[in-house]
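With the hints as constraints, model all of the structure from the sequences given.
Protein sequence lines correspond, in order, to chains L and B. My numbering runs 689 ahead of the 1-based position in the first sequence. My numbering runs 36 ahead of the 1-based position in the second sequence.
Mixed in with the good hints, there may be bad ones.
Claimed, not checked - Examples of chain B residues lying across from chain L (beta carbon under 8 Å, computed):
| # | residue |
| --- | --- |
| 1 | VAL56 |
| 2 | LEU127 |
| 3 | LEU136 |
| 4 | GLY157 |
| 5 | PRO161 |
| 6 | VAL171 |
| 7 | MET206 |
Claimed, not checked - Residues on chain L that point at chain B, a partial pick, calculated with CB under 10 Å:
| # | residue |
| --- | --- |
| 8 | ASP696 |
| 9 | VAL698 |
| 10 | ALA706 |
| 11 | LEU710 |
| 12 | ASN841 |
| 13 | GLN854 |
| 14 | HIS867 |
| 15 | PHE989 |
| 16 | TRP1088 |
| 17 | ASP1184 |
| 18 | ALA1208 |
Bear in mind the hints are in silico, worked out from the structure with no lab data behind them. For every residue, glycine included, the Cβ atom is placed at its ideal position computed from N, Cα and C.
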Amino acid sequence: MSLSRRDLVKMSVLGGAAVALPLERSVSAASALGNRIASSRLPAPFTTPFAVPPVISPVRSDPVSVTDFYRITMKPTFVEIVPGLPTQMWGYNGLVPGPTFRIQRGRKTVVRQINNLPPVHPVLNYVPYTSVHLHGSVSLPQYDGYASDITNPGEYKDYHYPNTQHARTLWYHDHGVHHTAENVSMGLAGQYHIIDALEQSLPIPHGEFDVPLTVGDTMLNSDGSLLFEPNDESGFFGDVILVNGRPWPVMQVKKRKYRFRILNASVSRSFRWSLSTGDTMTVIGTDGGLVPTPIPVTTFRHGVAERYEVVIDFKNYPVGTRIILRNGNIENDINFTNTNKVMAFDVVGDAFDPSGNLIPDVLDPTQPAMLVNETDSIRTRTMEFVRDDGQWTINGGTWDDVIASHFTKVLASPRTNDVEVWNLVNKSGGWHHPAHIHFIDFRILSRNGRPPQPQERGAKDTAFLGENESVRVLIKFDDGRGKYMEHCHNLVHEDHDMMGQFNIIDPNRASDDPFSAPAQRLPEGPL
Amino acid sequence: MPMPAPEKLDQDASGPAHAVEYATAGVVLTGVAGLIHLWVAPEHFQEAWVVGSFFVLAGVGQLALGVALVRGLGTRGLLVGVAANAGLVCLYVLSRTAALPFLPAHDEGHHEHLPVAGAAGNGVPIFPRSSIEPVGLLDMTCLLAELALLAMLVALLPTNPRRVTANALMALGLLAVVARAVGVLG
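Have a look at this one:
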């Protein structure tokens, strides 16, 4: 008896399933965004009220050492980006973004960061160790968020910050090697303001009119969970714009000037700001604090990790006017239906405090980085940001190379107080790199041989390195010593593995080691 | 190729009408599947030694089945061959439709990194789809060979075991379809 037709039919059930199911999965997996929530389920722009993160208070202060002590717990939290649909995120003190620090210049801070994150990421299955970087701070190497100086879940670390710099907008965010993008996307970012006498004395907006805007993008699965798609490690681009954790919020504004501290905390997305009215905004601050003189702009480009302080004057708009903060196109970013808009301002007729409603002609003419002369430079170095054989590299090296060298490999070894010109180069037309150099402020000398863009004419620590662009920056390695990182701040590039380090050498004094203050196991010791 | 003697095959009273043809086809099909497994084993050793070893084991086993078919295989041997190849088919379907925790990542952008000193574990994210292998020409060829081989092995079985085995394989297929329908697969 040969194989009957009935036998063949029975076995064809297995055969059909065995062939069809993998093929079907293969086709659907071609798009990792297959499970993305439908656009129709996302909140409509400008329907969510605007909110500002709370300002954190110290748990104690020591008047002798002039130090304030803070305690932060990194932990899971649930937010509703889509009303009624909980989304798990991770926040500093459970807040997304984290609480805002307001620190008087000259007061030292110690921030205890406790990693109470779960043992593994719920979807991406990695151990969420952290390394907190206070971006823009002149921290010692062991408190700078060195990517390999990690804090595991169940551990904590006390970070010491000097706060000696001019008033500025800094931000703190995760910097743990290989999953910074995912950790920041989960919510681990917040603003940190240093204020000083000069800044407080200026008649610029203060108090309720000094508003942090932490802007980012995200993407959701249909079940509300975060969707992270690195696009073959070129970058993550979400279809939801978040401002202070709220999707496309609407803010009520009075008929006066507001100062917005705009932080681009995206993983990869850059912005090109403009107002729907086409009116002028005034840039009064950059990464390194207040600029020497106000800079009027109608539109400007804002890369990842950069901070711009912008004054918008609503006095001439009739009550009831809605002004939209728009986002123009940035080459090689991936756009979606509503990524061309960010938030809205609705003008209301409420009474307001008229103080701090000016923009003086001179802001901070003494920012040290802006006073360095190019003629003082003693050498020029070139840093090429290149994708090589699928790896993101700086001058051909990766962070894995640094690890393999037992953290001895460096891209540069300037001496303390040296002045150098660094030529940051991106020869690719396929992507841009927000290039960040830790510890120092720099001044942009030129961009492709031409003057820097208007908004960049202040002290910086991150330079947008566009497609086929070369940016020359002037750096003084003032008072520093030790190893600090430089890297691409497209966090997907950073994670894989576009990071390197430089070593500031002080011939008269040994430098601190980045690993000299390791994390401690819980339970906590005294703070 | 030497032909297996029909009388060596374990037959029921009537015996398979095309036993030699079935066995010959079985030898060719298991040879194809076995060689493909051995061919791709080196690249799987690069992922993980345990995965590479599995491919060597599968390949050698399938070639051994071919030798056994040439020499003549009893009912028990045929059933072992059916079970082993059905197992391989199941594993294939699982590897292409579900994120198996013991498989390494496969997405093109995935890079291995050096260990991080002091880390409680590997800090490299593993994307859900990255442990689902893509369908390729070679593996689909191997799958088709295994499915046809299953049919040949079943055909060589006596009537009663043949009916039971065919029912079991059909049940396996239905189980896969149900698993897909309820979202366990895919």
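**Request:** Run the structure past the numbered hints and jot down the numbers of the failing ones, going up.
**Result:** Per hint list: 1, 2, 3, 13 and 15 violated.
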